[in-house]
Structure formats: structure tokens, C-alpha cells
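J.: Could you put together the complete structure from these sequences and hints?
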Amino acid sequence: MGLSPLARVARLVQPHLEEVEARIAQQVAAFDPALEGYVVYAVGSRGKRLRPLLSLLAGGATGQINSNHVDLAVIVELIHIATLVHDDVMDEAERRRAQPTANARWGNSLSVLLGDCLFAHALTLSTNFENSDISRAIARTAATVCSGEMIQTQRRFDLTLTVQDYLRIVEMKTGSLFSAASELAALISDADPKVIETSRNFGMQIGAAYQIYDDCLDLAGSESATGKTLGTNGATNGALNDSIAAGSDLIREAQSTLDGIASNPYADALFFLGDALCEMFDQLRV
Numbered sequence: 014m015g016l017s018p019l020a021r022v023a024r025l026v027q028p029h030l031e032e033v034e035a036r037i038a039q040q041v042a043a044f045d046p047a048l049e050g051y052v053v054y055a056v057g058s059r060g061k062r063l064r065p066l067l068s069l070l071a072g073g074a075t076g077q078i079n080s081n082h083v084d085l086a087v088i089v090e091l092i093h094i095a096t097l098v099h100d101d102v103m104d105e106a107e108r109r110r111a112q113p114t115a116n117a118r119w120g121n122s123l124s125v126l127l128g129d130c131l132f133a134h135a136l137t138l139s140t141n142f143e144n145s146d147i148s149r150a151i152a153r154t155a156a157t158v159c160s161g162e163m164i165q166t167q168r169r170f171d172l173t174l175t176v177q178d179y180l181r182i183v184e185m186k187t188g189s190l191f192s193a194a195s196e197l198a199a200l201i202s203d204a205d206p207k208v209i210e211t212s213r214n215f216g217m218q219i220g221a222a223y224q225i226y227d228d229c230l231d232l233a234g235s236e237s238a239t240g241k242t243l244g245t246n247g248a249t250n251g252a253l254n255d256s257i258a259a260g261s262d263l264i265r266e267a268q269s270t271l272d273g274i275a276s277n278p279y280a281d282a283l284f285f286l287g288d289a290l291c292e293m294f295d296q297l298r299v
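For the sequence shown, position 2 matches number 15 in the numbering used here, and the numbering has no gaps at all.
Just so you know, these hints were derived from the structure itself, not from any lab.
As the structure is a prediction and not an experimental result, all values here were calculated from the model.
Don't take each hint at face value.
Said to hold, decoys possible - Derived CB-CB ranges, DEER-like: (1) Q77 x T175: 21 to 31 Å; (2) V125 x R168: 14 to 24 Å; (3) G273 x Q27: 20 to 30 Å; (4) V176 x R298: 18 to 28 Å; (5) A47 x S276: 46 to 56 Å; (6) D255 x W119: 17 to 27 Å; (7) L16 x D272: 26 to 36 Å; (8) Q167 x G273: 29 to 39 Å.
To be verified - With a cut-off of at most 16 Å between alpha-carbon atoms, the simulated EDC-like pairs for lysine to aspartate or glutamate come out as follows: (9) K61 x D104; (10) K207 x D272; (11) K61 x D272; (12) K61 x E31.
Positions of the beta carbon are idealized from the N, C-alpha and C atoms, including for glycine.
T.: What follows is the structure in C-alpha cells.
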């Protein structure tokens with residue numbers, strides 16, 4: 014069986030991704046021993062690691078990947094994991110990545126607190142950067158992600174929700190973290206301000222597109238194939254193909270912005286990352 018579209022892109026930075034995995038595992042030691050089992054369970058259920066992949070590719074596209082890029086990748090993934098723990102509580106989901114969710118195993122109260130601990134630890138790690146602008150940006154991003162989640166919960170099943178409202182939500186809850194992963198990687202590389210802006214915009218559009226894909230998967234996917242509880246996003250089947258088209262358009266817009274980054278294998282891989290997401294969308298078409 015061949016590699017998945019994302020796995021093909023990830024080959025370029027595979028050694029760095031393995032370092033990210035090792036550092037994520039090492040974070041367990043930072044928690045009270047009484048929490049170790051919960052944290053191991055949360056961080057050990059490996060997903061696509063798409064946000065770390067974006068951080069590393071953006072770091073390579075705008076400079077040379079270094080230890081700070083790996084640290085950034087760890088932080089954005091920990092924030093993402095924290096949001097998943099909280100999401101599963103709000104959605105009353107029982108499965109994720111083919112495993113019982115934290116709330117299915119230990120209940121809502123412990124799961125909410127587990128997510129809080131992961132958020133707090135990610136923000137603590139961000140203070141290790143010499144450039145305090147990075148830690149401030151990560152804190153702002155965490156606040157934006159949480160705000161987006163709140164607005165989505167508030168507007169769930171709201172028939173007056175417009176396309177613009179929906180796009181604002183996906184940009185806040187998902188696009189903002191992708192954007193930070195890409196933008197801050199360029200900042201760590203000491204890239205030109207215009208390149209940093211390009212990286213920020215690319216991450217936002219790719220992240221929003223990926224959230225649209227995830228919402229489409231909620232409609233078109235199967236729980237056995239995805240390994241998670243579906244039907245939690247409040248979307249309707251009639252919107253599926255329109256959503257796929259919108260997500261694909263966002264990806265093409267993101268790819269067009271890459272002209273602002275000097276051509277190199279990592280920048281090429283960012284373009285191919287967009288192609289990989291388009292392939293994933295195509296697999297959902299009905």
C-alpha cells in the first residue's frame with residue numbers, strides 16, 4: 014500500500030518530526046506524577062501531526078530548521094491536543110483515533126482539567142523563547158482558538174449562520190493555530206517581514222481549508238475509517254460538495270501566495286501540502 018498524500022510530503026522533514034515526537038513524549042515528566050497516565054494517553058494517540066509538519070516546512074522554506082522550530086512544533090501540537098480533549102467533552106464523543114476518548118474513559122471533569130493542564134503547559138513552554146514576541150503570539154493564538162470554539166458552540170445548528178460567519182469560526186478555531194505555526198516558524202528563521210506575512214496568510218488559508226475538510230468528513234466519512242465519533246459539527250449533507258469546492262479554492266489561494274517565498278525544496282513541499290489536502294477533498298466527493 015502506498016504512502017498517504019500527507020506522508021509523502023512529510024518525508025522531507027521526517028527526522029525532525031521524529032524529534033518532535035520524542036520531545037512531546039518527554040513533556041510527560043513536567044506534570045505531577047499523579048497526572049502521568051492521563052497525559053501519556055492524551056499525547057500518545059498520534060494524529061496527522063499536521064501543525065508540526067507545517068512549522069517545520071515553513072521553517073525550512075524561510076531559513077534553516079533548528080531546535081526552536083522543533084520547540085514551536087511541540088507547542089502548537091500540545092495546544093491542538095488540548096483542544097481535542099475539550100472538543101470531545103463538548104461533543105460527547107466516545108472515539109478518537111480508534112481509541113476511547115479521555116472523557117469516555119475518565120469522565121468530563123477530569124478531561125476538562127486535563128485539557129487545561131495541556132494548554133497551560135504549552136504556554137509555559139512558549140516562555141522559553143528568547144524572543145518574547147513569540148510567546149505573546151502563542152498566547153494570543155490560544156485565546157483565539159478558544160474563542161472560536163465558544164462561538165461555534167454558541168452557533169451550532171443556528172440556521173441563520175452565514176458563509177462568512179462559518180469562515181470566521183473556522184479561521185479562529187483552526188486557521189489561527191495553523192497561521193501561528195507557519196508565521197512563527199518564519200519569525201524564528203529571521204525572515205523578511207513580507208515573507209513572515211506570506212507564511213501567516215498561507216497557514217491561515219491552509220488551516221481554514223483543513224477545518225472545512227474535517228467538517229466534510231463529519232458528513233461523508235465513516236466512523237470505522239476515521240476512528241472517531243462523527244456527526245458532531247451540525248452540518249448538512251446538502252452543503253457537502255459546496256464545502257469541498259470552497260476548501261479546494263482556499264488551498265489554491267494559499268498556494269498562490271507562495272510566490273513570495275524563495276523557491277527551495279521546503280517551499281515546494283508547502284505547495285505539495287496543498288495538493289495533498291486537495292487529494293483528501295477529492296476522496297470525499299459524491
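J.: Within 29 to 39 Å: is that where the Cβ-Cβ distance between Q167 and G273 falls?
T.: Once the Cβ atoms are compared, 36 Å apart, the range 29 to 39 Å for G273 and Q167 holds.
J.: Is the distance from the Cβ of V125 to the Cβ of R168 consistent with 14 to 24 Å?
T.: holds, 21 Å
J.: Between D255 and W119, is the Cβ distance one that fits in 17 to 27 Å?
T.: violated, 39 Å
J.: K61 and E31 were given as a pair; does the straight-line alpha-carbon distance stay at or below 16 Å?
T.: Holds. K61 to E31 sits at ~13 Å (cutoff 16 Å).
J.: How does the Cβ-Cβ distance of A47 and S276 compare with 46 to 56 Å: does it lie in that range?
T.: holds, 51 Å
J.: Does the alpha-carbon distance linking K207 and D272 stay inside the 16 Å limit?
T.: Within the cut-off at roughly 11 Å; holds.
J.: Take the C-alpha atoms of K61 and D104, compute the straight-line distance between them, and say whether it is at most 16 Å.
T.: With Cα atoms ~21 Å apart, K61 and D104 exceed 16 Å; violated.
J.: Take a look at whether the Cβ-Cβ distance between L16 and D272 falls inside 26 to 36 Å.
T.: holds, 28 Å
J.: CB of V176 to CB of R298, is that within 18 to 28 Å?
T.: Given a distance of about 20 Å, which is inside 18 to 28 Å, the answer is holds.
J.: Per the hint of 20 to 30 Å, is the separation of the Cβ atoms of G273 and Q27 within bounds?
T.: holds, 27 Å
J.: Can the restraint linking K61 and D272 be considered satisfied, given a maximum Cα separation of 16 Å?
T.: Distance of about 26 Å is beyond 16 Å: violated.
J.: Assuming the hint says 21 to 31 Å, is it satisfied by the Cβ distance from Q77 to T175 or not?
T.: violated, 43 Å
Going down the numbered hints, you'll see the structure goes against 1, 6, 9 and 11, while the others check out.
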